[in-house]
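Protein chains: 2
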Amino acid sequence: MELYIVSDIGGTQMRVAAYETLNLELVSQKRIPTQVKGELATDRLIALITEISSGHTIKSIAVAAPGFLDPDKGIIYEAPNIRGWVNLPLRQILTDAFAVPVYLVNDANAAALGEWKFGAGIGHSHVLYLTISTGIGSGVIIDNHLLLGQRGLAAEFGHVTILPDGPMCGCGHRGHIEALSSGTAILNYVTEQLKEGRTSSLAAILNLTGKDISQAAIAGDALANEAYLRAGKYLGIALANFLHMLNPSIVILGGGVSQVGELLLAPMRSSLEESLLSPEYLIGLEITQAKLGDDVGLKGALALLVTEVVQVNPGCYS
Amino acid sequence: MELYIVSDIGGTQMRVAAYETLNLELVSQKRIPTQVKGELATDRLIALITEISSGHTIKSIAVAAPGFLDPDKGIIYEAPNIRGWVNLPLRQILTDAFAVPVYLVNDANAAALGEWKFGAGIGHSHVLYLTISTGIGSGVIIDNHLLLGQRGLAAEFGHVTILPDGPMCGCGHRGHIEALSSGTAILNYVTEQLKEGRTSSLAAILNLTGKDISQAAIAGDALANEAYLRAGKYLGIALANFLHMLNPSIVILGGGVSQVGELLLAPMRSSLEESLLSPEYLIGLEITQAKLGDDVGLKGALALLVTEVVQVNPGCYS
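These protein sequence lines are chains A and B, in that order.
Under this note's numbering, the residues of the first sequence are numbered 824 to 1141, in order.
Under this note's numbering, the residues of the second sequence are numbered 824 to 1141, in order.
Any given hint could turn out to be false.
Copies of the same chain look alike in the list, so a pair counts if it works inside one copy or between any two.
[What the hints assert, rightly or not] In silico SDA-like links for lysine to any residue, alpha-carbon gap of 20 Å or less: (1) K896 to I1106; (2) K896 to P1102; (3) K896 to R997; (4) K1018 to D1044; (5) K896 to L1105; (6) K882 to D988; (7) K896 to E1103; (8) K1056 to G995; (9) K1056 to M991; (10) K896 to G1078; (11) K896 to S1101; (12) K1056 to S956.
Calculated from the structure, these hints are not laboratory results.
Turn these sequences into a full structure, and let the hints steer you where they fit.
Printed below as a string of structure tokens:
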């Protein structure tokens, strides 16, 4: 059987799946820890691909990976959560091992491709995908092409400044939308307000989590509600910016934080509508939740292999 | 002779030019006032095209126009400075008159196309064009395609919020980059500061202009310098945002205000470098001034006709 091999690599786990090239049926899927003491993550990946493809022929491989990478050169510049993955020529390593075309894609871009080809974005040509969880990731489809930029560094929509003197982002800059509307931002805001002596049912909780905050908000806690209102307000401002720039036909919201629903989405919509240059931007626009779950990265890597719209160099594999 | 006819329509003047289709040589060019009492601007345009193409065959027509328009439908939703141009089916009007393919393009997008094909952007595939004058306009080329979005409303980079409670923009929203770094923004800032009693050589000048401010800045006036520093600072923050989103290989700055040079560009670069997620975004990036002058809109309309990269519907002309 001829297989497409796809992988989604995170700091904690790496997933590999094999799909039949003829009908895209899932043949096999497995996940293992990414980092094990005394082993190279790349060796673990090669072993897992070898195991999953055993007895079959590999047609091509696509790998979704976190951090800065150049899909054209096949190099991961830096994957912050994976030890030693700095200037890693991952495509070369895999083409050396398997002698087939290998493609690299950033994990948020992979998720956008997955939702566009197999999820909420089917049929759309202009897609903005935002994943709101610990951080804010994004991927963009323009005219049925993945937005990569000259070196594959595009679509970092989480790291745009909305409030120049705002809170510190995980990246070390102030006022990014990730520092205002991500799960971390919501948690930091509540923690700060509690430190300043705000009254809230959350004051009694040790090791506060996002779930505590959403439950408190639903139960009517003023601080918890304010935290979502604030996050939603800035998300709406950012979204207006993105619509002015891209005029997409669909915005797909993924990630755990967006699943709190109206707590975040109602203030987001209200702020979006206030911030728009013209209601024309809402015509033909759908704002919706992501459809694919944990496998979105694998589905995105598969989308990369089955569509010819992404013009990347598969590397030398002869 | 077979001609490409191009037009650039502004609130004050409309320009029309004819180029030979074989070698793109300019055959004829003329400009007239757009709005004359008792005449329809569309009738004036038809008459001017008829005059310029007299005795020759028209192959196709491209028109650059201001405001919101849908290049695919051929409709100008609203051209704020031209009386009566609301929901104007300009493409249909011109195809009815000339029975050739007609293309519409937003004026800032036309300028981006012009600089990309015939100006500073030659050879680049990922271009961000910003024109900084009274307002801030923009056009974007991604993978050799003009960024239009689902309804042609994309690339309004002047209207992104950088400072939510900042100064009012001409569009009625607060804190857009146009309200912080355009010529109008610089003038408004100086005027406000003078009203608040700031000492400056500019206090003596009636009907202050941008030229007064740039001359005062060069002569060492503190307020004038501060106005450019402030505009440059926010422009750098906005530019970092745009690089994170698009990862272009060239940023082309057009418009009168950008011609003040280092007064604005030095603080812009410094703030850009501080605001970037990673110096990787500067690799392979050129930041440069626009090369084409007043004819950039005409050249852009011509670029639209001679490249096949812009997929727009030319309308029914049979």
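Hints and how they fare:
Taking identical chains as interchangeable, the C-alpha atoms of K896 and I1106 lie at most 20 Å apart only when they sit on different chains, with a minimum of 14 Å there against 39 Å within one chain. When the C-alpha separation of K896 and P1102 is checked against a cutoff of 20 Å, the pair qualifies only between copies, where the shortest distance is 18 Å, while the shortest distance within a copy is 41 Å. In this homomeric assembly, K896 and R997 never come within 20 Å of each other (Cα to Cα): the closest approach is 31 Å inside a single copy and 41 Å across copies. Proximity of K1018 and D1044 under a CA criterion of 20 Å is satisfied intra-copy only: 16 Å inside one chain copy versus 45 Å between copies.
Within a single copy, K896 and L1105 get their C-alpha atoms only as close as 38 Å, which misses the 20 Å cut-off; across copies the closest is 17 Å, which meets it. For the homomeric pair K882 and D988, neither the shortest alpha-carbon distance inside one copy (50 Å) nor that between copies (54 Å) is at most 20 Å. When the C-alpha separation of K896 and E1103 is checked against a cutoff of 20 Å, the pair qualifies only between copies, where the shortest distance is 14 Å, while the shortest distance within a copy is 39 Å. For the identical chains of this complex, K1056 and G995 are inter-copy neighbours only, at 18 Å across copies versus 22 Å inside a copy, given an alpha-carbon limit of 20 Å.
Taking the shortest alpha-carbon separations for K1056 and M991, both the intra-copy value of 18 Å and the inter-copy value of 19 Å come in at or below 20 Å. Taking the shortest Cα distances, K896 and G1078 never come within 20 Å of each other, neither inside one copy (29 Å) nor across copies (36 Å). In the homo-oligomer, the alpha carbons of K896 and S1101 lie at most 20 Å apart only across protomers (18 Å), although the nearest pairing inside one protomer, at 40 Å, exceeds that limit. When the C-alpha separation of K1056 and S956 is checked against a cutoff of 20 Å, the pair qualifies only within one copy, where the shortest distance is 17 Å, while the shortest distance between copies is 30 Å.
Going through the hint list in order, the structure does not satisfy hints 3, 6, 10.
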